[in-house]
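**Student:** Using the hints, build the complex out of the two chains.
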Amino acid sequence: DAKTTQPTSMDCAEGRAANLPCNHSTISGNEYVYWYRQIHSQGPQYIIHGLKNNETNEMASLIITEDRKSSTLILPHATLRDTAVYYCIVRSFGNEKLTFGTGTRLTIIP
Amino acid sequence: DAGVIQSPRHEVTEMGQEVTLRCKPISGHNSLFWYRQTMMRGLELLIYFNNNVPIDDSGMPEDRFSAKMPNASFSTLKIQPSEPRDSAVYFCASIDRGNTEAFFGQGTRLTVV
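Line by line, the protein sequences give chains Z and C. No gaps in the numbering here: position 90 of the first sequence is 258 in the numbering used here, and each next residue is one more. No gaps in the numbering here: position 41 of the second sequence is 397 in the numbering used here, and each next residue is one more.
No lab work stands behind these hints, which were simulated from the structure alone. Everything numeric in this text was worked out from a predicted model, so none of it was measured. The beta-carbon is built from N, C-alpha and C at its ideal position, and this holds for glycine as well. Treat the hints loosely; a few may be bogus.
Label-pair restraints from in silico Cβ distances [to be verified]:
(1) C/Gln373 to Z/Met178: 37 to 45 Å
(2) C/Ser443 to Z/Thr224: 39 to 47 Å
(3) C/Glu400 to Z/Lys220: 24 to 32 Å
With the rest of the complex left out, here is chain C (with noise of 0.2 Å):
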């Protein structure tokens, strides 16, 4: 398997705009979490899934968040307007029922200018 699979890897958007970042779990992982990371705040879940259905979005900072799993394969981080204060790093990650492993993707690193 491929891991998990973030896309885009860099992002450059201007403020306002709307940014969708995308994510593939490991085939089979029924858990997907979203993280934001930033030098001042460190790893912070925003939301995360299970079973395509949404546990717990506590983290989402606002409404300008948000988050699908359309399906077992595939899952959106979208920011619409995109302020400056949303650059970071953007992790997703992923995990089997039974499994104590959460595995990572590399990341998406997100400047708003």
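Just chain Z, with the same shape it has in the complex (with noise of 0.2 Å):
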């Protein structure tokens, strides 16, 4: 699966749009962007995934770049409760295996 590299900590105000950034610019064709998040001493969450169309969904919104060598995952409204690690992995299709890097610390600022 292709590398992704994604900053070490982002700080956001609370109630603002916190955008986080992914670059992965070997993605290949078959391969999705999925991103999880953890907070403090839990387990990892699903948050959402693509192939190269922006999705959407209760949770947060991906914006993939056209060449697909990049995307960003957006929170709309930031509260504190989304301070947690944010991983953005890439994995192919049927591929199960799911491998977190080191992931963007998020702290929401009140």
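**Tutor:** In structure tokens form, the structure reads like this:
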């Protein structure tokens, strides 16, 4: 699976949109972009995934660039409970193996 | 469903003792994963099973670690003998065929003294 690069940490003001970038320049055609987050002391939690179209669910939006070499996870109205480590993972279709990188530690500031 | 259930939640043991961690995946899920998390190394995939068969155990650190999945509803991760460097949080996760979302348990915090 392709490697991803994320900033180590980010801050965001409560109530504002949190935009978390991820680079995956070596992504191949059958690889999806997944986002998980891990709130302190808990197991990781699935957020969203996409292939090439932008995706939205009740938790977040995922914007994937046209060349698919990068993506952005958007939390539209960040709350203090969104403070967590966010992981961007690239995973090929049919491959159940899920490998985590170092992620981005997002801190929501009151 | 109660989700992925791991036991115990906390384990403190002495160096050299055998430790067994347990996991009950979500009913109907056909893949199960064991992860280890430390501050230094982050989340590491140790092993995963598909339909109770180990598919990839390349992350298992050494022969002291072993994992089994005797049936679809139960898996164990055993460390024998345990060492202080095995101290970590161990997570179990399961995923359904055709589903893209992995569900994680609450983890077992292991401390080896």
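**Student:** Which of the stated hints cannot be reconciled with the structure, identified by number in ascending sequence?
**Tutor:** Those not satisfied: there are none.
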